[in-house]
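Chemist: Below, each chain spelled out in residue letters.
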Amino acid sequence: MGQKVELACIIDDDKIYVNLVKKIIEIKKLSNNLLIFKNGMEALDHFKLILENATEERLPDIIFLDINMPVMDGWEFLNEFIKIKNNFEKKITLYVVSSSIDPRDLERAKSINLVTDYLIKPIELKKFEKIFERNGNAAA
Amino acid sequence: MLNDLQLNSILEDFDIAYWKINLLNKEVSWSEHFDTLVGKPIFSESHFEYFLKEILHQDYRYDFRLYFDKLTEENEAFSIELKLKLNNGKYRWFECRNLKNKENKKETAVLLFVNIHQNKRDQYTIEENFFYYRETAQMTNTGGWYIDTQNKNIYWDNVTKKIIGCPLDYQPPYEEHLRFYAPEEHPEVTSAFDKCEKYGIPFKVELKMRNLYDKDFWVRATGKPVYNEEQDIIGIRGVFQDINDQKINELNLQNSLDLVASQNSRLFNFAHIVSHHLRSHSSNLCLIVELLKDAKTDKDKIELIPNVADISENLDLAINELNEIVNKQTVLEKERRIVSFERALSGVMASTSSLINRENAKIVAEFHALKEISYISEYLESILLNLITNAIKYKHPGRRPVIYIQTYLKNETPFLEVSDNGLGIDLDQYGDKMFGMYKTFHENLDSRGIGLFITKNQVETLGGSISVTSTVDVGTTFKIKF
Chain A
1 MGQKVELACI IDDDKIYVNL VKKIIEIKKL SNNLLIFKNG MEALDHFKLI LENATEERLP
61 DIIFLDINMP VMDGWEFLNE FIKIKNNFEK KITLYVVSSS IDPRDLERAK SINLVTDYLI
121 KPIELKKFEK IFERNGNAAA
Chain L
1 MLNDLQLNSI LEDFDIAYWK INLLNKEVSW SEHFDTLVGK PIFSESHFEY FLKEILHQDY
61 RYDFRLYFDK LTEENEAFSI ELKLKLNNGK YRWFECRNLK NKENKKETAV LLFVNIHQNK
121 RDQYTIEENF FYYRETAQMT NTGGWYIDTQ NKNIYWDNVT KKIIGCPLDY QPPYEEHLRF
181 YAPEEHPEVT SAFDKCEKYG IPFKVELKMR NLYDKDFWVR ATGKPVYNEE QDIIGIRGVF
241 QDINDQKINE LNLQNSLDLV ASQNSRLFNF AHIVSHHLRS HSSNLCLIVE LLKDAKTDKD
301 KIELIPNVAD ISENLDLAIN ELNEIVNKQT VLEKERRIVS FERALSGVMA STSSLINREN
361 AKIVAEFHAL KEISYISEYL ESILLNLITN AIKYKHPGRR PVIYIQTYLK NETPFLEVSD
421 NGLGIDLDQY GDKMFGMYKT FHENLDSRGI GLFITKNQVE TLGGSISVTS TVDVGTTFKI
481 KF
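In the order they appear, the protein sequences are chains A and L. First residue of the first sequence: 1, per the UniProt record's numbering; consecutive thereafter. First residue of the second sequence: 1, per the UniProt record's numbering; consecutive thereafter.
It should be emphasised that the hints constitute simulated quantities derived from the structure, not laboratory data. These figures come from a predicted structure and were not determined experimentally. Beta carbons: idealized from backbone N, C-alpha and C, even for Gly. Careful: at least some of the hints might be erroneous.
Every beta carbon over 10 Å from chain L, so not counted as near; a handful from chain A, in silico [to be verified]:
id	residue
1	Lys15
2	Asn33
3	Leu49
4	Glu52
5	Thr55
6	Phe81
7	Ile84
8	Glu89
9	Thr116
10	Ile123
Which stretches of chain L does chain A cover? Using the computed rule of at least three CB atoms under 8 Å from a CB of chain A, they are [as the list claims (entries may be wrong)]:
id	segment
11	144 to 152
12	310 to 316
In the EDC-like style, the derived pairs of lysine to aspartate or glutamate whose C-alpha atoms are separated by at most 20 Å in a straight line are [what the hints assert, rightly or not]:
id	chain 1	residue 1	chain 2	residue 2
13	A	Lys85	A	Glu129
14	A	Lys23	L	Asp63
15	A	Lys15	L	Glu127
I would like the entire structure built from these sequences, with the hints used as guidance.
Modeler: See below:
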């Protein structure tokens, strides 16, 4: 087993999904801490606050971003996040996670450098563990 | 033979040959020019027999003999057109007639052969061209017309009259010629004719004409200026082609195309719901099954059960929504009827009374400027329902929701406006997404994001449009143009 991820972040409005993922992370002890935002706007506000305070303590190692959300969806969040991302020293790995199997969504996500991969819900437990393992090592 | 050499040479110059007939013994002798024409043949029988056999086209032999006999026996004058075989072996048209006999020359008769081949050919060409023109005009329903702008007269040919549906002796009125065009075409027609009359600019347009019985039909019209010798424009002439059937087909095709496109976009939306919305629930279900399998203790398993209940509830809700969208869109088959706004609103208020009462909403309606409309009543009710529930859902927390509903006519177009004093929305940020599917802008528990999508669909299906104006913290107005 590799190192644990210190801080993971989930941006998703589906409460049931978030609950389940939270449970998985707890049971499998994949991450020490977890940040949860229910839309892109909430997450963006958090990252902007980190910038202002100039402390990267609450900056996640890994982000799981949903596409379809109210107020600010995943694409809009990515547009804004790209603008501020380079101000952070820490390496952040970002996965787009969606139940959409629309190939256009997949293409669009892959065309953005910031996005490491496009994961289709449901994510298998084993794959989930692997992603955390890989990033845990890197973040250590 | 005629002794007058001068006359002879004149006749030759005009390509006129002649016969001299001795009325007593019926012997024929012919002029030198005739000899030249037929190639100075050598023959043993009489001129007449040789002529019938070798020179005259067989179609005319019977007639010619008949006329010849009448001339020689009864001195009866005649004139026929016939074909002669010339020295080059080709047949040419001639007019054959006898020279009027003078009283004192009863023993001889003179037959003139005048070459009329060129005339005959021209005449044939004209007839042939006229035939093609007439057949083309009839087959393509194309009529000609001429406007004499100097003497203020209009001339129509028979096909034009047939297209317009008027009797053949009808004289179109010059000053009221616009009456033969659909009113919406008047500006274009006036401008096209004016430009042609004043500046000689030709035109070729498709427009709607109006026949004598006030029925509109499509034509393709061309017009070109007519100049006199001084190069002044003295009139316009052109053709009308009745293209009503083609045009109607074309318009129908366009309509079907639009229909297919809109059905296609609905299908696309449907696929979108399935792909995004249904899948999120089913994927949660998969995830929970995996977790259940992985769970080590009964306690862990039991803890997961409430999640299963939530998922099944959400799944049920999503399927109902899909059903709702499909049902609303099949209403398309229904016909428009006169619908009263008042009645539609009272139906909506009855079905939402619990919501209205709970939120203590006040609804003010002004329908006196426009009381009713030809519409599909289910659509109108659904539109009102969506806009009213929307207004209440996004009410301002600090005040009692007030909804003002108004109908009116503007430039003969009916409008419906629904205004509220609610939260309002930043249109700069969300304006273009307002009517999209599953777009929700407030973190409201009841937001499902399909209400406005359905409303827009319904309005557009019946050929209208919907627009929105809003100010944050003041309120929102939806305006529907029917």
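Chemist: Taking the numbered hints from earlier one at a time, note which ones the structure violates and give those numbers from smallest to largest.
Modeler: 1, 10, 11, 13, 14, 15
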